[in-house]
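A.B. asks: So the sequence lines, in the order shown, correspond to chains A and B. All residue numbers for the first sequence refer to this note's numbering, where the first residue is 235 and numbers rise by one. All residue numbers for the second sequence refer to this note's numbering, where the first residue is 2 and numbers rise by one.
No wet-lab data here; the hints were simulated from the structure. Mixed in with the good hints, there may be bad ones.
[What the hints assert, rightly or not] Taking lysine-lysine pairs in the BS3-like style, the calculated list, with each CA pair at most 25 Å apart, reads:
id	chain 1	residue 1	chain 2	residue 2
1	B	K54	B	K261
2	B	K54	A	K301
3	B	K54	B	K128
4	A	K332	B	K386
5	B	K212	B	K201
6	B	K386	B	K128
7	B	K384	A	K332
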Amino acid sequence: MTSNAAPVAVTRLLSGWHLLERWVAVIAFTIIGVLVFSDVAGREFIGPVGNALGFDMGATGIYGARKLSLFMLVIGAFAGLGVSVATGTQIVPRIAFKWVPESWGAPVDRLANLFSGVLFFAVAFYGYVFVESSRQIGTIMPGIDWPVWIIQSAIPIGFASAGVRYFIFAIWPDTAPVREETPE
Amino acid sequence: MTAFALLALVLALLVLRQPLTVILISAIAYVHIFWGHGYLDYIVEDMWVSLNKELILAVPLFLLCGAVMTEGSAARRLVRIVRALTAPTRGGLGVAAIISCAVFAAISGSSIVTMIAVGSVLYPAMKEAGYTNRFALGTVVSGGTLGIIIPPSIPLILYGLVTETSIVDLFLAGVLPGLVLIVLMMTYAIWANRHRPAQKMDWAELGVAVKTGIWAALFPIILLGGIYSGYYSPTESAAVALVYAVLIEFFIHREMTLRKYFNVVTETAKLGGALFPLIAVALSLNLILTEYRVPAQMVELAGLYIDSPLAFILIVNLLLLAVGAFMTTNEAILILGPILMPVALAYGFHPVHFGIIMIVNLEIGYLTPPVGMNLMVALVTFKQKFSEVVMSVLPYIAVMVIGLIIITAVPWLSLGLL
Chain A
235 MTSNAAPVAV TRLLSGWHLL ERWVAVIAFT IIGVLVFSDV AGREFIGPVG
285 NALGFDMGAT GIYGARKLSL FMLVIGAFAG LGVSVATGTQ IVPRIAFKWV
335 PESWGAPVDR LANLFSGVLF FAVAFYGYVF VESSRQIGTI MPGIDWPVWI
385 IQSAIPIGFA SAGVRYFIFA IWPDTAPVRE ETPE
Chain B
2 MTAFALLALV LALLVLRQPL TVILISAIAY VHIFWGHGYL DYIVEDMWVS
52 LNKELILAVP LFLLCGAVMT EGSAARRLVR IVRALTAPTR GGLGVAAIIS
102 CAVFAAISGS SIVTMIAVGS VLYPAMKEAG YTNRFALGTV VSGGTLGIII
152 PPSIPLILYG LVTETSIVDL FLAGVLPGLV LIVLMMTYAI WANRHRPAQK
202 MDWAELGVAV KTGIWAALFP IILLGGIYSG YYSPTESAAV ALVYAVLIEF
252 FIHREMTLRK YFNVVTETAK LGGALFPLIA VALSLNLILT EYRVPAQMVE
302 LAGLYIDSPL AFILIVNLLL LAVGAFMTTN EAILILGPIL MPVALAYGFH
352 PVHFGIIMIV NLEIGYLTPP VGMNLMVALV TFKQKFSEVV MSVLPYIAVM
402 VIGLIIITAV PWLSLGLL
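Bound-form chain A, shown alone (with noise of 0.2 Å):
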C-alpha cells in the first residue's frame, strides 16, 4: 500500500520543476510584451520622429518580431501547461461531478490523475515523432535561419511535464493540488 504522501526527494523535484517552469513561462510572456511593444514603438514612433529629425531611419520595427513572439507564445505557453497543472487550474468540466458517489470522490481522482498522465504521455510521445520528423526535414524558422524543432520540442516537453505530474499525483495522492477554477 502506497502512503499517500510523496517522499521528500520527489516533492523537492516538484517544487524544483515547478520553479523552473515558472521562470521560463515569466521570461517567455515578458519577451512577447517587449517584442511587439518594441515593433510598434519603433514603427509608430521612433521612426517617425527619426524621419522628421532628418536621419535616414529605414526600416524601425523589429524584424521578425512577430515570428519570435509566437515561437515565446508556444515555450510559454507549454511551460505554463505544467505550471497549471501543477497549480490544479486545468480547466475541468464540472458537470458530471455528481453523478458518482461523493464516497467514491477519492478512488475517481487517483484515477482520473491515472488516465490523464497516460493520454498527456501518449500526446508526448506523437509530440517527439512530429519534432523529430520536423527535425529530419530540416525546417527553419523563418527570419531567423534557426531549426524550428528547437521550439517545437516546448510541446512534447509540456505535455510529458504534465504527465509526470498526473503520475505522482496518483501514486501519491497528497501532492495533487486543490482544484481551483480559471478566472474567466
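Starting from the known structure of chain A, fit chain B onto it as the hints suggest.
C.D. replies: Chain B in isolation, oriented as in the chain A frame:
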C-alpha cells in the same frame, strides 16, 4: 455506431473528471482512428499550426495587462471617481458599482477579476450605507459579468479565433450591446433604490478622485482608442496597454514591485497554461470538423427541422442559456462556436452579431447555477450562503434576458459601428 461510441467516450471522461484538454484530445484521436487514417501525430502537427496565428498573441498580453492593473490600485482609484460622479443619483452606489464594473472590465477583460476588484471596495460600502445585502451582493456579482461583453474581452477573442471572425469587428460590436446592458442594470439599480435620498455633488471630492485616478481612467481610452482608430491591431494595442500598465503601476501608483510582477506573470502563466493548450486542441478539432464537413452536415440537419431564422435563434438562445448553466464560457465558445456559427450563417445571421448573441447568453451563464462562475467565486469572496447569492442575482438575470432579447432582435446594435 461509432458516433455513439464517441459520445460514450466523452461522457466517460466527464465522469472521470478529466481536464477539457484531455477530453478534446481523446475525441480528436478517436476521430483520427475511426474516421481518418489513424495518424495520431497529426494531432500535434495541427496544434502547432493552430498556435501559429498572430491574433493568439493578444490573449496573453491582455491577460497580463489586466493582471498588472488588478494587482495595483487601479480599481480603487476608478471606483472613487465613479462614486463621486454618481453620488447625486438615487441608488448612487449601485449605479457606481455597475459603471465601475463596466470601466474596470475594459481594463481587466475578465468577469471574475472585475467582480472581485470592484466588489471588494463597493460591496462593503453599499452595506455600510444601508443598502440591503441582497441588492449589494446581486449588483457586484452581476456587474462583474459585463467583463466578457465589454472589449477587450478574452471570450470575444476566442470566438474570433475559432470562427475566423475579425476581432476588431467583434470589439466594436461589443460596445453598444455592452451599453444596453449597463443602462438596463443601472435602471434597475435606480428603481430598486427609488426611495433612497440622493446625495449632493461633492466637487472637491471629485477633483481629488480625478487627480489620483486619472492615469487609471485613461487606460481604457489608450487601449481601445488605438484599436478603434485603426492605429494598432488588437495584439499591438494589448502590448502598448501592457507597457502603460507596467509604467503607471511601477512609477506613478508605485504599487508594483519586481516580486509582485513575477507573481503576476506566474498567475498569467497558470491561466495561459490552462488556456493555450486548450485553444490549440480546440483549433485542431476545428480543422478536423472542417475536414469531415461537420459544419456543412449540421447546416443540412438543421434545415430539415428548423424552417425559419426566428425559430433557429430562439432554439440557439435556449440552448446557450442551458449550456451556460453547465459549462464555463471559454469551454462553450471553443466547442460550440465553430459548430453553431456556420449554421447561423446559413440562416442569414452575421457572424459578428451571432458572436455577440452567443457571448451575452454565456454572460448570463455566469449567474446561473450550478456552475455559474461568478456565483461560485462570490460564495468565497463575499462569504455568503449559496441561496442568498442565487436570490441576489435573480432580478439582474431578468434584466439581462431583456437585454439579450433586444440585442438579438436589433442586429444594428452589434453591427452599427462596423
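A.B. asks: A separate judgement is required for each hint: does it hold in the structure or not?
C.D. replies: Okay, the hints, checked on the actual structure:
1. B/K54 to B/K261: Status violated; Cα separation ~30 Å.
2. B/K54 to A/K301: holds, 9 Å
3. B/K54 to B/K128: violated, 47 Å
4. A/K332 to B/K386: holds, 20 Å
5. B/K212 to B/K201: Status holds; Cα separation ~20 Å.
6. B/K386 to B/K128: holds, 16 Å
7. B/K384 to A/K332: holds, 24 Å
Consistency note: the structure conflicts with the earlier hints numbered 1 and 3.
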